[in-house]
Amino acid sequence: MQVPAHFEYERATSVDHAITLLARWGSEARVVAGGHSLIPMMKLRLARPEALIDINELAELVYIRLADGVLRVGAMTRHAELLANPVVGEHYPIFHDAERVIADPIVRNRGTVGGSLCQADPSEDLSAAFAAVDALAVVRGPGGERTVPIREFHIGPYETVVEPGELLTEIRVPVRPGGSSAYEKVERRVGDWAVAAAGAAVWLDGDTIADAGVGLTAVGADHFCSPAAEAVLRGAPATEETFAAAGRAAAESCRPSADQRGPVDYKRHLAGELTVRALRRAVARARGQEA
Amino acid sequence: MTTRITVTVNGEEHTAEVEPRTLLVHFLRDQLGLTGTHWGCDTSNCGVCTVTLDGTPVKSCTVLAVMAHNHSVGTVEGLERDGKLDPVQQGFVECHGLQCGFCTPGMMLTARWLLDNNPDPSETEIREAISGQSCRCTGYENIVRSVQWAARQEVTR
Amino acid sequence: MTTVDKPSMGFGRMHRKEDARFIRGRGTYVDDVRLPGMLHGAVLRSPFAHARIVSIDTRAAEAHPKVKAVITGKTLEGLKLAWMPTLSYDTQAVLATDKVRFQGQEVAFVVAEDKYSARDALELIDVEYEPLPAVVDARRALDPDAPVIRDDKENQNGNHIFDWTAGDKAATDAAFARAEVVVKQDVLYPRVHPAPLETCGALADFDKVTGKLTMWCNTQAPHAHRTVYALVAGLPEHKIRVISPDIGGGFGNKVPIYPGYVCAIVGSIVTGKPVKWMEDRSENLMSTGFARDYHMSGEVAATRDGKITAVRVKVIADHGAFNGTAQPTKYPAGFFHVFTGSYDLEAAHCEVTGVYTNKAPGGVAYACSFRITEAAYLIERLVDVLAFDLGMDPAQLRMKNLLRAEQFPYSSPTGWEYDSGDYPRALQLALDMVGYDEIRREQAAVRERWAAGDRSGTLPGVGISFFTEAVGAGPRKHMDILGLGMADGAELRVHPTGKAVLRISVQSQGQGHETTYAQIVAHELGIPPDDIEVVHGDTDQTPFGLGTYGSRSTPVSGAATAVVARKVRERARLVASAMLEVSADDLEWDGAGRWVVRGSTEQGRTIQEIALAAHSSLELPDGVEGHLDATTVYNPPNLTFPFGAYVCVVDVDPGTGQVKVRRFVAVDDCGVRINPTIVEGQVHGGLADGIGMALMQLIAFDEDGNCLGASFMDYLLPTSVECPSWELGETVTPSPHHPIGAKGVGESATVGSPAAVVNAVVDALKPYGVRHADMPLTPAQVWRVIQGSPLRTDLAIT
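Residue numbers (full-length UniProt numbering), protein chains in the order written: chain A, 1 to 291; chain B, 1 to 157; chain C, 1 to 798.
Pulled out of the complex, with its shape left as it was, chain A reads as follows:
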């Protein structure tokens, strides 16, 4: 029988209320959103918070909005909502690619964008996707709101910059013309965590890559991205040779560890291979050659 240990339960009725509750309970509290990472850990008693602060009722954090060139995603947006949203698909197909391979449809009905980022699992998909598009995280605490570049959001496995007492409320993604994006993942089976995955965002100036972002997950890449691969791409022609060079840079820049999903050399190989594939698809999309 796997059940959580005892805890106190608080149902937040607003973001402000949640912040108040967090202040009251301090570091012994955990915020629960979809709960699909936290509750299993609590059942195994690997996590034993004294209190759970439930933010599922915070409708104010459920939204996807595009305004003033910025795509804003509320932290309580469910994975299924991100996947179903046409505006997201139009501007950043990488999120639809990624969402299609995150867990399964039933889990996606419950799991949230903010929850996934805050869990900070080193194999999490959206972390790589948001890293690829250089998103901003909005964090609110008793002292007000602050923004953190997504590439500074994760500070280690299962660790983020969100302090006790703070709440991730929104992710912002700048929308720029002339680009597209894609996400490629290898999993042992549908619904599994990534063996490795790569996300790519590219902006083209004719046949030249004006700007690019490369996100990686499950391969020990710092902050889920590969600046080395991006450096190869910027200003280079959008060709197979460039993709291959970026793939090599991505593979070299990551530090995978062996586990049941595969040995180190295989994961490193995948980091390169999937980077190439994601770039190929992102560029094809940017050129209007592929959906």
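To be clear, the hints were calculated from the coordinates, so they are not data collected in a lab. Certain hints may be false.
[To be verified] Capping the alpha-carbon separation at 25 Å, the derived lysine to any residue pairs in SDA-like fashion look like this: (1) C:660 to A:290; (2) C:660 to A:265; (3) C:766 to C:457; (4) C:115 to A:46.
[Said to hold, decoys possible] FRET-style restraints, in silico, Cβ to Cβ: (5) C:440 to A:284: 24 to 34 Å; (6) B:55 to A:65: 16 to 26 Å; (7) B:152 to C:768: 43 to 53 Å; (8) A:100 to B:116: 19 to 29 Å; (9) C:55 to B:81: 58 to 68 Å.
[As the list claims (entries may be wrong)] Stretches of chain B that chain C covers, calculated by requiring three or more beta carbons in the stretch to come under 8 Å of a beta carbon on chain C: (10) 41 to 55; (11) 61 to 75; (12) 99 to 110; (13) 121 to 130; (14) 135 to 143.
Glycine residues also receive a C-beta, built at the ideal position from the N, C-alpha and C atoms.
Following the hints, position chains B and C against chain A.
Below, chains B and C without anything else, positioned relative to chain A:
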């Protein structure tokens, strides 16, 4: 130690005292006696505990009962209405969509949700919709056919 | 599509009678059973694979306000229950007293008012362990420096359990000495787990006043369990009632008696209350009946033109920490010696060595028909290796070597008598269905492009598997489990109004017995299936028999059902003769429920009329006491030998190692099909198993013996997305000795399909020179195979 919750289950309101840690699946089975919802894996992988929460399928082994407070839950026991089987239930009988019957309640609830949102799904769409739910008996073939049977039934009706 | 073509009587497609409750959520699985005052048990398990128990302190747990009892090995020692017999004449610890011998072994049992409190109290038990070195790889178990796991047993100085051989060694060695070609391949069939979606569990209710134990348990073999409980607990057998309610899948996992069951019984005796114990998923995967774990080394002798002459096999069989395998007594390696498969050989020989390791006990489970999964996989892999080395097409090579129809009944070199078959016909049908030549042409085009340097896209592969099963254990002269002959009883009662109750010893875990057994009676007696109630799963209400596993229900219990129905029919004949005032010899059965006067068929009586008359004041002739009821015990004269030809088509992405199963054609011959829809369903499920085992399922361990497959996050089951739409074909070759010509089919597809998938992946990778690849073929494993490492040497990495 306990907290009072009010949950509408299959259209009927229930008020009960639960520990905050009570999993929704246990609340339904042990406190309400709705044993049609099963549990199978503890880790939200197998999906035999699938119920609907406000109409959307969720894995009830990974939802706390307190989270369902003031919400509505649907279980297999609510599929049959006024003595009339849901076409999905009928489809599972027609097409041998079940063997041991353990995954069946969750599969049927997901199928009902799928058809509510996509009345004429392709085979691929059906397979994707049930991909978070394991079946060890059917190899999924006849589950897919059962859903297709129900879809045809509803389209022609 | 409609699945019903013969809704009323006898054989054919009909809806399942049991579905009405399941689609309403009204099944009754063991965890659905609630008794007044019921308590809940939870098992504390070892975190170590091998450790000495220094001390167990249960005081804090006992002080928990909701805890009613804490049971340890010491408690059980006082009751002489600390150890129990396994199904293989070994012993197994119920709760560890001296040492723990695998991770997840049972150490203590808590009984509490509710299940959450029982779980909480586990944390309050303080066990001090002294860790010992563990051996988890069977190939290391016999090393001189390997730790001795079973030091509880007298004269057990190492980890050796048994050596077993079959076949003629001298003749086989001679055939190899003469052979033009010899191929050799090491093949691992790794440890997997059946993982039914419902875990194992029990509800024990001991009544102190009557001395009666009622045991609700999701067992596949309720009668065998009752007898074993009588032996273990010393309870008189007539005071034990085992009720096996609806079962959420078994696949062999629910054959053994697990320590948790015994603990629940003790818990009920100690507290005087009913005690329920349900495993969680980790417990199920870590501690209950695993399957396979066979390290096989096979050799094939052949002529240069591809005629196979002999096969020679050596196996190291990993049985875990206790030899709990559920094999017929004479066969410690089960029916592995059917490894000559479907081919006409001169000679064959195998040597199997069983060893202990620091892993969970078990070893028969998972739809394997007593180790035929391993045998079928080995021979089908070896045939492909031979094809690879000879440069022959694997379909042609098989055609050349398959047994021919006129060779049946066929005596195999390892002692089997195959009852019936037409193998080439089945293979040809499968090849035609898949469009074999067309796929080979497509493949050749891709390989040409590949050779020319274009490495984009995926590589197609085609894999064939031809299997022969041996199911329906079995003739009691040769086959018993713990001395219980493998025969099964049936009782048929026909009520005055012509409705019937059939009581059988086997227990459905989803196979639809309530439907198919009613169909058998309907076929024999002409009573509509809906008028026949099938009772099973309750030892107080059904005749003795060994239960449902090894695809034995239809071959044994199905036969018993036909035989008992025929007994009723003959009794009805006597009654009809009295009714019609004619000699019984002048009556003939019309095949549709009536005894009629020969030559005057309008003169007759229906079975319903006869049933009423049998209960009436009618003067009955000699030989009929009244009523039509009958009982029987069926002792099968031989096993039945279903077979099949499977073809799998895959697409392999060599850049990532990912495998996509594009198509799967399965032609099965299981003799006469009672309900074709149910047969097809059985095959579908087994094919998914094949995909699972070939591509993802693995109970892995690290060097310290930590189980790495202890949840569904790591023990991966195939989903609807990995499974293609199965394409089924059939041939029908009736069994000559089964009363209705049927053979078992429950495990055919699980036995036959893994080789087809693996052969397809290996075939796809031919451009890389790949000749073999060990399962499961996860993306990482495929990639490693491409890099030149086909064998799984490190069991930890999936």
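>> Of the numbered hints stated earlier in the document, which are not met by this structure?
In response: 11
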